[in-house]
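> Given the sequences, and given the hints that come with them, work out the whole structure.
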Amino acid sequence: MASLKVFITGASSGIGAALARHYAEQGATLGLAARRQQALTDLLADLPGRHATYALDVSDAPALAAAAADFTARHGAPDIVIANAGVSVGTLSECPEDLAAFRKVMDTNVFGMAATFAPFIGPMAAAGGDRRLVGIASVAGIRGLPGAEAYSASKAAAIAYLESLRLEMAPKGIKVVTIAPGYIETPMTAINPYPMPFLLPAAEAARRFARAVAKGTSYTVIPWQMGVVAKVLRLLPNWLYDRLFTQAPRKPRGLLD
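Here this note's numbering is used: the sequence shown runs in plain steps of one and ends on residue 301.
Please keep in mind that the hints were generated in silico from the structure rather than gathered at the bench.
All values reported here derive from a predicted model rather than from experimental measurement.
Positions of the beta carbon are idealized from the N, C-alpha and C atoms, including for glycine.
Among the clues, some could well be false.
Listed next, the in silico DSS-like pairs over lysine-lysine satisfying Cα-Cα at most 25 Å (straight line) [claimed, not checked]:
id: 1; residue 1: 259; residue 2: 216
id: 2; residue 1: 219; residue 2: 275
id: 3; residue 1: 219; residue 2: 259
id: 4; residue 1: 259; residue 2: 275
Okay, the calculated beta carbon distance ranges per label pair [claimed, not checked]:
id: 5; residue 1: 247; residue 2: 294; range: 26 to 32 Å
id: 6; residue 1: 82; residue 2: 48; range: 23 to 29 Å
id: 7; residue 1: 268; residue 2: 297; range: 28 to 34 Å
id: 8; residue 1: 242; residue 2: 169; range: 34 to 40 Å
In structure tokens, the structure reads:
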């Protein structure tokens, strides 16, 4: 049986690197995309098998199209494409200097997801078989969090985008999997100055993500405990949600390169 072919963005660290290690250990052939070539090179040295790396920013659609064409020419249409690349930073709309960060978050977390999938859909549909587009969203997209206007908005948009895409892909035979992680132990969450309930190590998160992908689950929150929290948050009336979360801890503001 031919090995899985998996293309992953945001692969140089955190969840992306953990997913790369997981799938490589299963014998998959990987396409790994991230902004930092050296980090990709270092990761590649630790992985069994032979894989392709692409140093690019997911907001650069032509670069993603070129990477997709190269990977497909080498290995054929991927079985799984995981749009994992994401950035997170605290933002306040009252601060004009935060607008650049706001745009970067939206470009990476929303546009970058669409740009990742776009060049693969044609080859995947033509190849047929059991194929997946996987989007990494977040429980932060369930309700807006204070001080995280850009991040919460981007993840809410990602969830809605993936739902629309799921409907569009059904006639093509491509399943769309939406994964909304809670707190995962990564460099992105390491800067959070507040307790993170149900924090999962990245390697364990990758194993759970891969199980959901294999099942073709349309939408899941990982870990499941955060799924319960998410359902409760959806049900809270605005007056109660506001009372509980107005003074909640904020993610630090900062610049994104």
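> Determine for every hint whether it applies to the structure shown.
Going down the list of hints, with the structure as the test:
1. 259 x 216: holds, 18 Å
2. 219 x 275: holds, 24 Å
3. 219 x 259: holds, 10 Å
4. 259 x 275: Holds - the C-alpha atoms of residue 275 and residue 259 are around 22 Å apart, at most 25 Å.
5. 247 x 294: 26 to 32 Å: holds, 29 Å
6. 82 x 48: 23 to 29 Å: holds, 26 Å
7. 268 x 297: 28 to 34 Å: holds, 31 Å
8. 242 x 169: 34 to 40 Å: holds, 37 Å
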